[in-house]
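Participant: Please model the complete structure; the sequences and the hints are all you need to start from.
Below, each chain spelled out in residue letters.
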Amino acid sequence: MPSPVAPPDASVEGTDAGAVGDRPDSAVVRDALGVGIAVGLSGFAFGVTSAGSGLTVLQTCALSLLVFTGASQFALVGALAGGGNPFTAAAGAFFLGVRNAFYGLRLSQLLALPRAVRPFAAHWVIDETTAVSLAQRGRRGARIGFTVTGLSLYVLWNLTTLLGAVGAEAIGDTDAWGLDAAGPAVFLALLAPMVRTARERAVAAVAVLLGLGLLPVLPAGVPVLVAGLAVPIVLYGAGLRAQRTTRGNDR
Amino acid sequence: MNVWIAIAVTAVSCYAVKLAGLLVPVGALERPLVKRMAALLPVALLAALTAQQAFADGRTLVLDAKAVGLAAAAVALLLRVPFLVVIAAAVVVTAGVRALTG
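Top to bottom, those sequences are chains A and B. Position 109 of the first sequence, counting from 1, maps to 109 under full-length UniProt numbering, and the rest follow consecutively. Position 64 of the second sequence, counting from 1, maps to 64 under full-length UniProt numbering, and the rest follow consecutively.
Per label pair, the in silico range of CB-to-CB distance:
{"no.": "1", "chain 1": "A", "residue 1": "V222", "chain 2": "B", "residue 2": "L78", "range": "30 to 36 angstroms"}
{"no.": "2", "chain 1": "A", "residue 1": "A176", "chain 2": "B", "residue 2": "R59", "range": "20 to 26 angstroms"}
{"no.": "3", "chain 1": "B", "residue 1": "R31", "chain 2": "A", "residue 2": "G213", "range": "29 to 35 angstroms"}
{"no.": "4", "chain 1": "A", "residue 1": "T246", "chain 2": "B", "residue 2": "L33", "range": "15 to 21 angstroms"}
Just so you know, these hints were derived from the structure itself, not from any lab. Just so we're clear, the structure is a prediction, and the values are computed from it rather than from any experiment. Glycine is no exception: its CB is placed at the ideal position from the N, C-alpha and C atoms.
Facilitator: Structure (structure tokens):
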């Protein structure tokens, strides 16, 4: 049984302060729906952005149906709007999507899915389903969290993508409505319960420095991947400190 | 046509990496270092994504109304309000700051 990344009380609604054992199913469903609905609604921002970037309604909906990983979708339409060739644009989106493989590594152990189910579950392996699953304690909670988050998010994300794409012209300037702030706020809300220990904070801080510092010099999508190096950097630093402490005690 | 090529390549490659993560044998995760790194990786990637989406416009770093909106989201998170309220706070504050600063 793997220990969850997020601390036990990492429910996104801030309920459940340190109860022992599995949380009630209803609490898991509530948290999962909270994430699924909030993030699902932000598909509206994607639909608007994508249609505003010159993609057709059909192309926009195909992205949400078939790619279904928000950051990659935003990256792709941004790159296409910037006049990038299709393969460069897809490479940026792919690099952003690579993190889902690492989420899958965690989830495969946590959810213990039968092999036949994995090809179907794979489509839902994204930031939000991972965060909700990891925030639960037992396998049952993690499975419920994954399924409810995945289903509600997939349905709503695609519905609101369609609405956003169709309504893009009617809305006009989406930035004026502050809709571009939804993305970072979603990521921050997912991140918050994961950074409790000094080591987690250090990883987050180094990742922010790498992600922002390398943004102007590396191709789109690559800085996020390089920011993953924050993990070995911090672990290496912690190892050095531990060595020094041991040596100090020996003296 | 180019757009459809980009969509197809993205859809296939993004699905492939999702599936790859689920299909890697569990034994590959048994080493403590791999476990620790896999546990911390989402922290690093989510932190970098948050920062980039808040403080970058394409490949240029910017400090604008979105930063104020993100600060509002952070305050909302500290107050432990529901998820949807956190997002709404960021959107409303960002829109408000833009409206005020023109």
